[in-house]
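There are 2 protein chains.
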Amino acid sequence: MELLLPPLDRDAASPMYDQLYDTLRAAILDQHLQPGVKLPSTREMCSQLSVSRNTVLEAFARLQAEGYVEGRVGSGTYVTQDLPDALLSARSVSTRESAPSVETMISERGRQIVESDPLPIRPWSRLRPFYPGIPSFELFPLKVWRQLVDRHITPARAADLFHYGASEGLPQLREAIAAYVGASRRVKCTPDQVLVVAGTQQAVDLAARVLLDPGDAVWMEDPGWQCARSAFLAAGAELVPVPIDDDGFDLDAARRRRPGARLAHVTPSHQFPLGPTMGLVRRLQLLDWASSSGTWILEDDYDSEFRYAGQPLPALQGLDTAGRVIYTGTFSKVLFPALRIGYLVAPDALVEPFRAAHALANRHVPAVDQAVLADFLAEGHFIRHLRRVRAAYGERQQLMLERVRDRLPDILEVAPDPAGMHLVAWLPPGVDDTSMAEAAAEAEISAPPLSYYSIESPKRGALVLGYAGVTPAQIKFGIRRLADVLRSALGTT
Amino acid sequence: MELLLPPLDRDAASPMYDQLYDTLRAAILDQHLQPGVKLPSTREMCSQLSVSRNTVLEAFARLQAEGYVEGRVGSGTYVTQDLPDALLSARSVSTRESAPSVETMISERGRQIVESDPLPIRPWSRLRPFYPGIPSFELFPLKVWRQLVDRHITPARAADLFHYGASEGLPQLREAIAAYVGASRRVKCTPDQVLVVAGTQQAVDLAARVLLDPGDAVWMEDPGWQCARSAFLAAGAELVPVPIDDDGFDLDAARRRRPGARLAHVTPSHQFPLGPTMGLVRRLQLLDWASSSGTWILEDDYDSEFRYAGQPLPALQGLDTAGRVIYTGTFSKVLFPALRIGYLVAPDALVEPFRAAHALANRHVPAVDQAVLADFLAEGHFIRHLRRVRAAYGERQQLMLERVRDRLPDILEVAPDPAGMHLVAWLPPGVDDTSMAEAAAEAEISAPPLSYYSIESPKRGALVLGYAGVTPAQIKFGIRRLADVLRSALGTT
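Protein chains in written order, with numbering that gives the first Met the number 0: chain L, 0 to 492; chain Y, 0 to 492.
So here's chain L without its partners, still in its complex pose:
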């Protein structure tokens, strides 16, 4: 039989036998070469394609190994007889038809995940000044970190650290975290209650999986952290927006709106993004409610390391005597986000469910990173770094306040915040914060609008301005630019 094959490409990256194999396989699958057909002899192929005998033999051997062709002793090579004809033609039809729409095919759960809109791209999403929650990288002790990493990538350590690890985390890191949150946040826990997870995002996701069923109500601070919102929506929960007053999460409003909530997501140390601290009475009331109603409290202590004035309030968890609080913190803010390490402190009864959920999700957090972080904490580098950035961030907040008040006194209203990494800059009443944020984004300034963090429209618009990871020079330049943008957008001069 005469076989018309496309010429092979001598300059291609893939070897000649590979190309010949591909060509013949495609011809068989497309039924240009029908089942039972005899292939040209090795000699014929060599001369037709001007290739070596080895090239043809290699391609034939592979096709035979994979079942596309079969050799009959003394009589050459044939396309496999029992390749089911119907299958082959069904396949060529399906290549022509378009696939059915995916929307009708993924699960209801998958649809909820997509609709929860995690990490959406918005004009202000780019990580540049003044995107909130980003720490300073230029102050990070890279050399120390590198030395600690090098210490663990050695034959002596690899035998342990390269292996599958425990889902709850490395023992030395759990101990270091328990000591740290005990001393600095008065969290009451043993290392056994600490679960090392891939950041607060994972802590929230695990809580949603372990504690919520579809249809369960969740009290969400409004405005609040939009990533937690996505995690609960994806879990099929009903979000109940709870307003924020001077004392933080408004428990009375929450109880009026939906008394039977299964879980409350709260940021009592420094409400995100508005900033108030939940007072003692409110804390006791919330704990009391939780213990009598069976509501879980997810305490998200995302940035309480950064306090510039007064003593930080101890964590809500330390007051909990009924085992209703799941406490979570992160190293994304003090160290760096791409490390993807955070922690969750679970009441004793929840330790095993959370461990199991974590084992299913990603087995464990990379072990070398955990070992490095444990040393970084235990050897005092963490506290030294924290002191250093805390001082810098305090100065940066001060500079932000001065510059905003200097350049935009009539447009943005800012007040000092005793804690955190960002300021809330209130716009004049009636001004739409989303369009201001969009205008700023066009001028390369990321200043998310308060509306972005809100479920119900905020009464007054504001821009959320991160300063921690922004150098003084960038602050000066950025506020000047923001002033130009806002003045031009608002038509003032």
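It should be emphasised that the hints constitute simulated quantities derived from the structure, not laboratory data. Hints may contain errors.
Since the list gives no way to pick one copy over another, a pair counts as held whenever it fits inside one copy or between any two copies.
[What the hints assert, rightly or not] Pairs of lysine to any residue, SDA-like flavour, derived with a Cα cap of 25 angstroms:
id, residue 1, residue 2
1, K475, R127
2, K458, E137
3, K37, Q47
4, K142, A155
5, K142, C45
6, K142, R156
7, K142, T153
8, K458, R486
9, K187, L283
10, K187, E65
11, K142, A157
12, K475, R125
13, K187, R404
14, K37, G278
Start from chain L and add chain Y according to the hints.
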């Protein structure tokens, strides 16, 4: 008023004011100090406790900042009047009562997670010879890896790599993976279809979340990978065990048992743990069934890098023209498990749902590790390492076969496997593999029984013996020991 306070501990790690604060706070919360009660003056406290005035002032300031006490000008410090009495007593009651049982409190979903029994502890779970699926760490090029890590922990790179990253993964790693699976596995994909995830465990978990609703049926190879089983069970799926024949996954049996399955989890390149390769006809039938019935195929290509004889069969994914195959691979086997990096290649229509699910689960895989791995692949270290370990593992398998046949010819039946990291060693008919594995574990040998990987009891028992991460000396010693254990357990000599 006379206040009886426990003495403070001068040698404790926590400062004196901290201890005083704790003592007073506990007294208030326990109502030893009732609302409205006047505290002793600073001077009295100093003399009673033999501490400095600053210590007392610091503790008082903190209690006041947190709302436990209030100062009245000129008249001293009082326990806050409006600390709600009922709250405080409710709290002391709840400390005495035991918390309600957690089983009645976590969600149905949480209960399924716990019951799916992820990563259970069994006698044979310890990571020592011959636990399967563990690569060699002593052959790993630690120095190269360390140099690559150091390259990225620098001021120039930190600005990018320390930031929040894309959920789909670093572009350079997605490109390197697409090139690798294209060339070595004939996976047809663009880098846009590649999602970098935290190992195969996460790939399976994301697939369960995106593609399955509770009650959906999943075809599971039986025996098969128990971690995938847990992930599907936790998602509320109905597991349909599908027997394995010489051609792998038995499609006819699957269709008879449950025609409407939503997903099939298959290991066509090298069935886990039995080893057969799915032939071409079976592959085409499975793809045809998937495209006509709307079944998803999760192709788990966990160890096809290790092939010692013949050409590896191309991935099933490369034959899929209907977009029904989700392909997943891992670096746990070629590099090391604690790295926690794997990948998933999704059909175009599923890229966004999988990205969203990954963003919710843990945002992204640590970025420095991704950058290091991308360089390791792009600069040829990966292929060099792979060649090296492939040669070593081939020799180790050979040694295992020799030693087992030498020491246990009448007890264990083994056959060469052209691929993989373990051998299946069949026990004499009628011998219970679980009790043999338990006996081995007591002698420090981890040899999981085939039953452990099975949903329905296997017709004949076997031990699964990993050899890849076991040195020749350990193999010799371990098989001698295993022989002693099995002979003694079976009463043969």
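Hints, verified against the model:
{"no.": "1", "hint": "K475 with R127", "in the structure": "within (14 angstroms within a copy, 59 angstroms between copies)"}
{"no.": "2", "hint": "K458 with E137", "in the structure": "neither (37 angstroms within a copy, 62 angstroms between copies)"}
{"no.": "3", "hint": "K37 with Q47", "in the structure": "within (16 angstroms within a copy, 105 angstroms between copies)"}
{"no.": "4", "hint": "K142 with A155", "in the structure": "both (22 angstroms within a copy, 13 angstroms between copies)"}
{"no.": "5", "hint": "K142 with C45", "in the structure": "neither (60 angstroms within a copy, 46 angstroms between copies)"}
{"no.": "6", "hint": "K142 with R156", "in the structure": "both (20 angstroms within a copy, 13 angstroms between copies)"}
{"no.": "7", "hint": "K142 with T153", "in the structure": "both (18 angstroms within a copy, 8 angstroms between copies)"}
{"no.": "8", "hint": "K458 with R486", "in the structure": "within (22 angstroms within a copy, 79 angstroms between copies)"}
{"no.": "9", "hint": "K187 with L283", "in the structure": "within (16 angstroms within a copy, 58 angstroms between copies)"}
{"no.": "10", "hint": "K187 with E65", "in the structure": "between (61 angstroms within a copy, 18 angstroms between copies)"}
{"no.": "11", "hint": "K142 with A157", "in the structure": "both (21 angstroms within a copy, 12 angstroms between copies)"}
{"no.": "12", "hint": "K475 with R125", "in the structure": "within (19 angstroms within a copy, 57 angstroms between copies)"}
{"no.": "13", "hint": "K187 with R404", "in the structure": "neither (42 angstroms within a copy, 57 angstroms between copies)"}
{"no.": "14", "hint": "K37 with G278", "in the structure": "between (85 angstroms within a copy, 21 angstroms between copies)"}
Violated hints, listed in ascending order, are 2, 5 and 13; each of the other numbered hints is respected by the structure.
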